[in-house]
Every structure is written in structure tokens, then in C-alpha cells.
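All chains, please: the whole structure from these sequences, using the hints.
Sequence order for the protein chains is B and H. Read in order, the letters of the first sequence correspond to residues 1 to 161 in our numbering. Read in order, the letters of the second sequence correspond to residues 1 to 785 in our numbering.
Derived by calculation from the structure, the hints in this document are not laboratory data. Treat the hints loosely; a few may be bogus.
Keeping only pairs whose Cα atoms sit at most 16 Å apart, straight-line, the calculated EDC-like set for lysine to aspartate or glutamate is [to be verified]:
#  : chain 1 : residue 1 : chain 2 : residue 2
1  : H       : Lys570    : H       : Glu356
2  : H       : Lys642    : B       : Glu17
3  : B       : Lys12     : B       : Glu78
4  : H       : Lys442    : H       : Asp249
5  : H       : Lys640    : B       : Glu17
6  : B       : Lys69     : B       : Glu17
7  : H       : Lys652    : B       : Glu150
8  : H       : Lys595    : H       : Glu716
9  : H       : Lys123    : H       : Asp233
10 : H       : Lys652    : H       : Asp631
11 : H       : Lys640    : B       : Asp132
12 : H       : Lys780    : B       : Glu67
13 : H       : Lys601    : H       : Asp575
14 : B       : Lys4      : B       : Glu17
15 : H       : Lys652    : B       : Glu130
16 : B       : Lys56     : B       : Glu73
17 : B       : Lys12     : B       : Asp97
18 : B       : Lys56     : B       : Glu120
19 : H       : Lys642    : B       : Asp132
20 : B       : Lys69     : B       : Asp87
21 : B       : Lys4      : B       : Glu67
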Amino acid sequence: MPTKHTFILNGKRVHVECEGTVRLLWVLRDLLGVHGPKYGCGLDVCKACTSHVNGKAFHPCSVSVSEIKRDDEITTIEGLAATVGKDLHPMQQAWIDVDVAQCGYCQPGQIMTAVALVNEVRAKGRNITEADLDTIRNVCRCGTYPRIREAIMLAAAEMSR
Amino acid sequence: MFEVRRPQGAEDDDVTAAASPAAGGLSRRRFLGYLIAAPTVVGAAQLFVEPAQASIPTVQPVDSYDLSDLLTDSTLATSGLITVAVNRDGTVSFALPRAEVGQGITTAVAMAIADEMDLALDKVNITLLDAAPALVYNQFTGGSNSMHAIYTPVRVAAAVARGQLLQAATGVLGGLPSDFSVRNAVITAPDGRSATFGSLAEKGAVSKTTRAHFQLKARSQLRLVGSPQGRIDALAIVTGSKQFAMDLDVPGALPTMLCRPPTINGTALAVHNLAQVQAMPGITDVAIIPHTSKVPGGVAVRGETFGQCIDAIDALKVTWAPGSVGGRSDRDVLADLAQAAPALTPPIDPTANSLEQVFTFYFRAGDPLETNCAIADVAGGKAEIWSSLKSPIWTQEQIAQNLGLQVADVTVHVTQGGGSFGRHLFSDAAFEAAAVSQRLGKPVKLMWHRTDNFRQGRVHPMCTSRVRLTYSGANVVSFDQRHTSVATDFSMGFGEILSAMAATLPDANSLGYSELVFTLTQNVPYNFGVVTQLLNEIYDYDTFNTGSVRNIYSPDVTTATELMVDQAAKAMGQDPYQFRRSFVRDSRLLAVLDKVAQVGKWGRSMAPGTAQGIGIHREYKSAAACLVEIDCRRATVNRKVKDGYTGPRVTKVICAVDAGLAINPLGLQAQMMGGAMDGIAQALTYSMHLENGAFLEGSWDNAYYTRQWNTPPDVEVIVMPPSTGQPGGAGELGVAPTMAAVACAYARATGTVPTSFPINHNDPLGFTPYPTVPPLPESKTDDFS
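Listed below in C-alpha cells is the structure:
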């Protein structure tokens, strides 16, 4: 039976009615029309759908909508810049400065992963390292990995200012 | 007659190349400019060919005529519809008759137009042209050929438009066009008065299409071409607003997926619980879609969300007929390849020393990150399709045939693609979406699951390469290569239906296309005496789902060649780099080779278990070299990454590329970098295991494409100065030399020459394969708390 669900999406309360077992990715894309999070596998492997829940990275393809609580704040790539009150988050700006993207399909997920990673490392009181970059699982079939690494380093410096 | 002017000076490289017989193909072309009847100024370019040269020429050695020329020459007769339109707001629009799948062609074309017209880059709008059958061969994106074919005609159309704006300005400002200066879309007279492009867009419009005079700018006048520019869609990408096919909102087009067979190309015979599945939450339709030579097929499920489609697919009880590859496994294909391998000719000099080796290259997937997908709305005798397509004309014509419609009643929109790697030469999802929409009588937004994309999607054909090199004294006397491959599907022809149909005639795919492409692309770039390279194929073109994945033959042919080169150098007591220097037969290759050796400090002292490797490659009117360093030490190889494969790590990549004329060096570097990541994967980790008629890999944690933990921390791409003055291809250029360099480095680091690729393919399987029934694995749920 369809049930009612509500949460905060990119700063605004949204309501949706569907089976509780539907993964959040499809609620976002198919029911709410938010297309920044991409489908790349639906297996929590490629990380193309990476978004944030209460500031932490998560993968909407692997979470049922019923698991999202009323006051959870979901941020997708569309809402990222607003979290820093600017037109572009420093990570997005770094992505443009380094010209990271090729086809661009995986890049919203890459950026959301990168922001969460930098914040996580900063919370531990240290700077991001090559070893940290090696932990990123997001797939980029165009092979933009070296520029992703460069852009994260650039943005991390900007974010700590 | 308005021909391209003869070169005025040495700096005028573009025109020099066009007029020089040495440029191959281009010398035969004269460019005509037109003004098109329209409400605003529209410039157009047509290519003109003497009738005797309009047909596709006989195959010649790749030195003088290669695949780039073939694809360019096949576009010559019909390029008249390339138009650059000036809008009332002062912007300029161009509908590109090519696919954009990440290779950056929209940015490069925008740069060419902006330069020719004195516009800012952001004033040029590039869209992707709907299928336009009148273009025949000229709407086919393949063979890294796009810039080679389109650069000059686009400039001509832009120059015509600019010329007409200048002409219109005389009516406002007085004087002659030659009196004016143009900057940033503003035309200024000597007295300082000015008029904008926008204000002249309508004034310059013509009511009758006419031939128009034009003059292309000299190289020295170009501001953007040759300078690094960021992608024109970068902002849309980083804000999530770039739209791919599945992001489009077509009314009524609900999510649709197919339940696919447990073996390759199996056929659905019966569904035993159709009513039950149809009643599942959100599901609107369930129907068998027969497998045909054009439609992969299975059981279609349409619903409110893709998630509900996945649940429904896994609930289906289906009886399947076996598929086209029977119960074959890797070892069976290997045996068939061995049996079909052409014999080597007897050595010319029986007293020469001989080195011989057979190399094996396993299947690997051409999966882009965006899975196969298309939207289709078939109703009332008409069809409308949205998909990323490299052969949109063929798609339109074939869909008309498949559905029993008139070609004119089928509209095909080309969407931005999330990668291709050979996949989008074919139109599997578009054909399937059209079939499903017709069957259901409803619009569908059809997408493949990743697991299906691996298991049933198109792969690089498995192949072997047998190489024999003979040498005597300080000379290589002969080099023979026998490449034996599972057939590569060329049934898309050159992107329209006549050549596509020709490719499916008995033996035509192999004899007419594979052999042609092999001959026109493959070469041994060394002075090795008598050189022979032959291709033989096994199976029908549609036994396996194959395609021109990532550079087709070149990565494998080049890797086999370069490993033999290293062995010859060793046997002849020479350094691998110096050996290549002395035998390379192309000055552009020599220059890139020297460049990577110098920048990469070839021969520097390195720790045991680590080594350098070097590879070179020439194709698409371009030349590339790659130097890598690899770390095969135990501590590196045994790194642990959960559900990931580590293995040897390439720690450094230095690439040098001569693309003739780099329109956008930043984009060219990106293409080479991407090719290098692919070359690393193909050498070390990335393949598909065939077992009992099915591929075992079902996710990116099974198929080990390069991930961050495999990425070299140090990557540098050096763009060489313009050489030929004409843009060569680059989309796939980085794959072959990197793969070869990694293989050579591995051999030098470990002391063992690898003979099968990827090198880890025959290791124990590093993952547990997903089941084939139910066909789709469930997403993990363990990372959310």
C-alpha cells in the first residue's frame, strides 16, 4: 500500500506518496523530478547517486524511502551551493577551474562524495592526503580520476580558509 | 567559384593543409559557402567533390589513406546542411550533426565558430541535431573522426555568416565591409559608430539561398583555437542541470525495464505469473518483447518508478530459450580462436633469429556510466525517440523498418550521452524502446540495469595476436602479426541504412568492414623490413554482442607489438627507448617518443619490483607516446580494498600527443588522460569472464575498471605544437600506447612477459557472481544508519 513520506529536500519540505520500500533514488528521480543524482548501478557500487543526509554522504539507491525520517535533511547536487550560501560550492568551482568533467554523468556524485570526504577529514583535524583520495569508490568511466584528485586538493585548501 | 584561398603565408596552416596533397584526402576538397533563406542570417557550408572521387576509394596502405580519410571522404557529398545561424539576441546557434558523449566536440566546435566570427565563447549555442537522413554519411560519430571531418566546414559556415553581417553593416554604417573591425560581436566603422550582430541578424537575412563568398581567418588571427578552454557545459554538469536522456520529462513516458535472459541473447518463451506481476505496486504493463537481430528483448515491465520495475522483474517467472553463444566459456572461445588463426608465412631469411609469441585478450565491456537508455513514444503511425546516438540516421531508418512506419514519420532526437566507448554506435536501447512503446501503445522511458549492461551489453571481442619478429645483426628483417578475433559487429555500417544492411549480408561484416577497418587503422610504426598484419574473425557478427569498443583493434595489436619490440631490443642488446628511436619510421612519432623519454626521465634508477615502460601509437592523423612507471612490489600488490581489486599500481603516466592541430589543448589532455585510465585497466584488471554462455561480471565491483586506488598519483599530458595544421582524432588515442606501456613496464618490473590480458584475468575470481535468476541483484542496504 502506498504510504505518505515527508522530509527536507534541499532546504524545502517535500511530501510524496509511494510504497515505503521504494529506494530514495527513484523517489527523487521518478516522483520528485530531481535528476542530479544519477543511476549508475542501483547496487551501491558506482556511487553516481551520492547525496548528503544531514551533511553526511549516502547513496539513495541503497536506502528505502521509509528509512528517511521527517526531519532528515537531504541535499542533492542541486542544493549543494546553498549549504554555503553561494552560487557555487568551492568544490563545484574547483571542478570548473580544473575542467574535471568529460561526459559529466558521474560528476554530481563525485562532487557530493568529495565534499563529504573533505569535511570528514577536516573534522578529524587533519589535511586530506593521497591515501584519502584512494578511498573514493565513485566510478568515472571517462577516466577523469587524476583531475578529480587535483580538484579536491584545490577545493580542500579553499574550504579550510 | 569560392574556393578556400591558397595560403598567404607560412602561418596559414589550416589552408596549407587543405591545399597540400600530403594531407591526404583534403587536397581533393573545395569548400563552398552558402547563405540560406531564413528570417535571420544563416551561413552554410557544403563540401564539393569532383564526381570521379565521390566514391569510397580502394583500400590503400594506411600511410597514405587511413580510416579518418575514409570517414571524412564518405561525408563529402552531403555536408551542405551544416548551418550557423545568427540570432536576434546576438548569439549564434549551431546544431551539431554528431554525438557529444564527453569527448568535448561541442566545446571544440563552439571555439571554432567563436573564433571565426569574433564572438565570445558563451555566445555560441551548440545543440545536437535531430536525425537528418539527407546528411547520409555525415551524421555518424565514429573512429575519432569528428573534428577531422567537421572543423573546416563549420568554419566556412561561420565565415559566411560573419561576412553577411559585415555586408548588412554597410547599410547601417555606410562604407565597405573591409573598412570595419569586428570584436565581441560588435562591428565598428572607422568613425567609431558600431552595430551589434544582434541588430544585424534580420537586416542581413536573405530570401533566397545563394552561393556566398567567404574568407577563412589565418591561424594567427585565431584567439581560442589552440588555447586551453574549459567545457562549455561545465557549469551545467557541476550543478546537476545537464540533461541526459533519462532526465527528460516526456509526458506519459513511465520508467520501463526488461527482464533479460540468463544466457547471452536468450529468448523469452513464456511468462508464468504475468497477472501476478502486473498487479504489483506501481506496475502498469508487462509484455514479452521478442528477441530479434535488432531488438535485444525479454520481458518488458513498465511502472511508476524504476525501483518498482526492478522488483517486478525479479518476481517474474519466465521460461527462456538458450541464446546465441550456447554454453561456451572462455576456454572454448580460446580454442576456436586458436583453430582459426592464420598461418605465419615462412621466414624470408631462415638464418635470421626469430622471436615468436601469442598474446590473448579477453572480453571487456564497453559500458559507459550511463547505461543503455532511450525514450520512445510510438502512437498514431508516428514515432518519436530520444537517445544518445552516434548513428541517428540509421536509427531513424531502422526503426521505421522495424515498426512498419514511413521514415518521415519517425523523429529521432539526439540527447547528450553519459559516455559511449563504442556503445552508442549502436542503438540497442532506441530499437528496444520503440518496440516496447509500439507493443504497449504507451510512451516509455526505457533503461537497462547495470547488471544487464554488463551481461547482455556489447563487449570488446576476445582475440589473440600471434607475432613473429626476425632479426639479423642490427636489423629487424621481418614482422608478422596474425590477429584472430571474435567478430566485431559493424552492422551500424557508416550510420545509415544502406551500408548498415550491407554489413549484415553473409560474410560482408567480416570481409567488407572488419578487414577494411583493420587495414585502414593498424600499422607497425617501425622500419622492420617485411611487415604483414592480417585479421581473421570467428563466429557471426551477432553471435556475441560486440562493437568497436575503445579503439577496436589498436590496444591489442599495439600491446602485442610493443612487447615484442621490448623483447627484440633485449635480444639485440639495446635499450628499449634507443631501440625504438632507431627503428621508428615517422618523425611525429619520434618527437613524441623523445618528449616522454625526456620528461619522464627514461632510464632513471628505480627500486627492484618497479620499472618504466614505453609505448607509441599512430592513428587518426595523430601520434602519441606514453611512458609509465609501475610498482609491482608485494606491499603494493597486496593492498586491501573492500570489494575492490588492487594489484600492481601504475604510479606515473607521461603522455605526449601530436594531434596535428589541437583545437582545445585542455580537452585533448582530458581525452588522453581518459584513454590512459582505460589502457591501465585493459592491461591489468578489466575484463569479463565467460562461463557457460553468460558473463559473470554484474557490477563495477566485479569488472575491475580503473578506480581511484588504481589511479596514478602522477599524470602529465604534453600537447605538442601544431604539426599538420589539421585536427586529428583523439577520442581513443591514449588507450593503445598506455596499455602497451603498462604491459612493457610490468614485464620489466617482474621479469615475466605477460601474454594474456588483462594480466589478472586467470587469477582466482575475486568476487562472488550475482545469480542470473532472479536476474537483478538487490542493492545493498548496509551503509545507512
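*asked:* Under the constraints set out in the numbered hints, which ones does this structure not fulfil?
replied: Failing hints, ascending: 2, 5, 17 and 20.
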